[in-house]
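Visitor: I would like the entire structure built from these sequences, with the hints used as guidance.
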Amino acid sequence: MGRIPASYLINRVTTLVLTVLIAATLIWIIPRLSGLDPASAALGRMAAGGGSVANADQILTQLRESFGLDQPLIVQYLLYIWNTVTLDFGLSTASFPTPVASMIANALPWTIGLMLVSLIITFIIGNLLGALMVWENTPRIWKVAIPSAMVFTSIPPILSGLLLMYVFSTQLRWFPLSGPYGLNVEPGWTLDFATSVLYHGFLPALSIVVVTFGFWALGMRGLMITVQGEDYTTLAKAKGLRPRYILYRYMIRNAILPQITAFALKIGMLVAGQVLVERIFAYPGMGKLLYDAILTQDYPVIQGVSFVIILMTAVAVFLVDLIYPFIDPRIRHGG
Amino acid sequence: MTTQNAAAPETAAPDMGGLTRRQIKRMKRFDNPWRNPKLIWGAALLLGIVALGLIGRMFWDTDMVFTGSGLPRQAPVGFENIRGQIGTWAHPLGTDVTGKDILALLIVGAPNSLYVGVLASLIGMSIGIFLGFSAGFIGGRTDDVIRVGSDVMITIPPLLILVVFQAAYGDISLTIMAILIACFVWQSPTRLIRAQVLSMRESGYVHMARLSGASTGHIMFREMLPNLVPYLFGSFIANVTTSIVTAVGLEVLGLGPQRVPTLGRVIYDAINSGALIQNLWWWWGIPTVLLAVMFIGLLMVNLGLDEVSNPRLRRL
Chain A
0 MGRIPASYLI NRVTTLVLTV LIAATLIWII PRLSGLDPAS AALGRMAAGG
50 GSVANADQIL TQLRESFGLD QPLIVQYLLY IWNTVTLDFG LSTASFPTPV
100 ASMIANALPW TIGLMLVSLI ITFIIGNLLG ALMVWENTPR IWKVAIPSAM
150 VFTSIPPILS GLLLMYVFST QLRWFPLSGP YGLNVEPGWT LDFATSVLYH
200 GFLPALSIVV VTFGFWALGM RGLMITVQGE DYTTLAKAKG LRPRYILYRY
250 MIRNAILPQI TAFALKIGML VAGQVLVERI FAYPGMGKLL YDAILTQDYP
300 VIQGVSFVII LMTAVAVFLV DLIYPFIDPR IRHGG
Chain W
0 MTTQNAAAPE TAAPDMGGLT RRQIKRMKRF DNPWRNPKLI WGAALLLGIV
50 ALGLIGRMFW DTDMVFTGSG LPRQAPVGFE NIRGQIGTWA HPLGTDVTGK
100 DILALLIVGA PNSLYVGVLA SLIGMSIGIF LGFSAGFIGG RTDDVIRVGS
150 DVMITIPPLL ILVVFQAAYG DISLTIMAIL IACFVWQSPT RLIRAQVLSM
200 RESGYVHMAR LSGASTGHIM FREMLPNLVP YLFGSFIANV TTSIVTAVGL
250 EVLGLGPQRV PTLGRVIYDA INSGALIQNL WWWWGIPTVL LAVMFIGLLM
300 VNLGLDEVSN PRLRRL
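Chains as they are written, first to last, in numbering that gives the first Met the number 0: chain A, 0 to 334; chain W, 0 to 315.
For the record, the hints were derived by calculation from the structure and aren't laboratory data.
Pair ranges (Cβ atoms, derived):
1. A/188 <-> W/21: 53 to 63 Å
2. A/295 <-> W/31: 55 to 65 Å
3. A/295 <-> W/174: 22 to 32 Å
4. A/326 <-> W/277: 48 to 58 Å
5. W/62 <-> A/294: 22 to 32 Å
6. A/123 <-> W/213: 46 to 56 Å
Rough simulated footprint, nothing fancy, chain W against chain A, three-plus residues with beta-carbon under 8 Å:
7. 18-25
8. 163-171
9. 273-281
10. 293-302
11. 311-323
Since this is a predicted model, take the numbers as computed values, not measurements.
Glycine included, every Cβ here is placed at the ideal spot set by N, Cα and C.
Guide: And the structure:
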């Protein structure tokens with residue numbers, strides 16, 4: 000440890016803080032620019048529910064006070080930033096009075112679980128296939144099959160999700176149509192529950208994997224072409240090492256490292272894609288929460304979910320940047 | 000290695016041992032990088048979609064995008080729906096639950112998706128070219144600000160900010176949506192151009208131009224920009240894909256333009272009406288496949304352009 004120069008660390012931390020701050024600010028400013036008054040919107044919902052509202056003026060003033068709208072804008076903004084940073088997003092308006100934070104806390108494990116699983120599988124498959132595209136001993140059939148499989152990779156996961164759902168859930172009925180686990184299992188640390196979760200999570204994960212592995216495969220292909228021309232590969236060949244040994248120990252090990260930084264560029268798209276996949280599979284993660292909130296016009300939830308996802312992305316990128324020099328000693332930080 | 004071979008195929012005989020006859024023949028031919036099969040196929044797919052939108056308008060009544068243009072739940076020609084009605088040529092691709100004609104929806108919707116993608120990407124590229132050149136060429140404080148700015152913005156998923164925006168504003172037009180998306184696709188061209196400009200800044204011809212007293216603007220846009228064209232094209236196409244993915248994402252969430260037919264909107268309606276369970280596969284399936292073809296076309300153009308700008312990737 001201690002090899003990271005302070006200037007690099009400061010740079011990364013500044014980026015992280017700025018990202019979070021800008022995202023929070025955008026989320027705060029946008030609804031205010033629209034001229035939408037949350038207090039009258041809440042009153043409108045009451046009126047829609049009860050037919051009419053007595054003493055509407057008083058309620059409106061009271062609502063304004065409770066939303067903090069009677070204070071100057073700058074105070075509102077600072078309060079908001081403070082609340083957001085402490086992950087307090089207020090109360091949901093659609094399922095009043097549930098705190099938004101607890102709704103997000105319930106949804107987050109599902110999203111993170113699904114994302115980690117699909118990300119790890121994609122990373123392994125994608126890099127392996129990318130390496131095989133370049134390796135000279137790859138069977139011919141693979142050399143044809145991999146590039147053809149690549150055409151799927153440009154499709155957003157929601158489209159692959161729909162197609163997989165149609166084929167495997169409604170036509171073949173191999174997999175359940177929606178939901179995170181079966182209706183007949185109790186949530187808990189039991190084997191039944193775990194299998195049910197895996198079974199239900201398979202299709203959502205697969206629909207992300209089939210369309211994202213190509214990104215890694217293409218990157219890996221470029222890197223492998225470079226590694227293939229390096230002297231150490233030629234030397235390994237000249238020494239008469241087995242081709243498979245050269246592939247794993249000499250080529251992939253060297254080529255895979257820059258792939259990890261590509262993660263930082265891709266994660267935003269991955270997250271957005273997953274939000275949509277969760278929505279079509281009715282997976283109870285952040286995506287579904289966001290979609291339900293859009294339907295019910297539940298702004299605190301929309302803002303909270305958006306912010307938490309952006310926060311997750313920013314932190315992930317920050318961690319990758321921080322860990323990277325430890326796994327690739329070739330990198331020297333220029334600050 | 001390969002370039003040497005291509006230049007002098009006869010003299011490089013010892014190196015040719017591992018090559019097949021086809022590869023040797025390929026080397027002897029004059030190599031025009033733009034005649035790339037991936038590029039041509041990809042462009043053909045995209046042109047096909049544009050043609051569907053343009054020619055389709057002339058031969059098909061696009062007013063059938065409205066509710067009640069035909070009987071609901073009609074199957075495409077050659078298939079039958081749950082009630083056993085066989086599809087007719089009045090609606091060759093079937094209708095949805097409200098009787099909208101699917102073919103008309105595609106004819107109007109597909110160009111809309113491309114329009115949003117291309118417009119957003121064009122705006123994003125223009126911002127990216129301007130900022131990238133400024134950062135790389137001027138350097139110093141300007142560079143710091145632009146670099147940190149693009150680092151920050153690249154981690155924010157556009158979809159989420161746009162969801163917040165649209166949830167607050169409601170209905171928007173296609174053009175406004177494109178402009179909003181453009182606010183999130185300038186980062187990667189900025190980075191790419193900055194890196195290229197930094198490496199070109201010290202090259203001979205730029206020094207030459209500077210010594211000749213050329214203005215900064217002249218050096219940036221007349222001397223350096225033409226060298227970046229393949230990269231710019233690649234970045235442009237990648238951005239079109241990102242923009243369309245974002246636009247479709249918004250539409251599938253039920254946001255985006257409410258009154259203009261878009262492919263994402265059709266899919267949204269289909270999912271919400273339970274088209275998957277009712278086995279109305281043509282309703283969601285055909286727009287999905289069309290979008291998939293669009294993305295495959297864009298990917299192939301992008302791969303082709305990669306090979307044009309980076310000869311190392313070219314297959315013999």
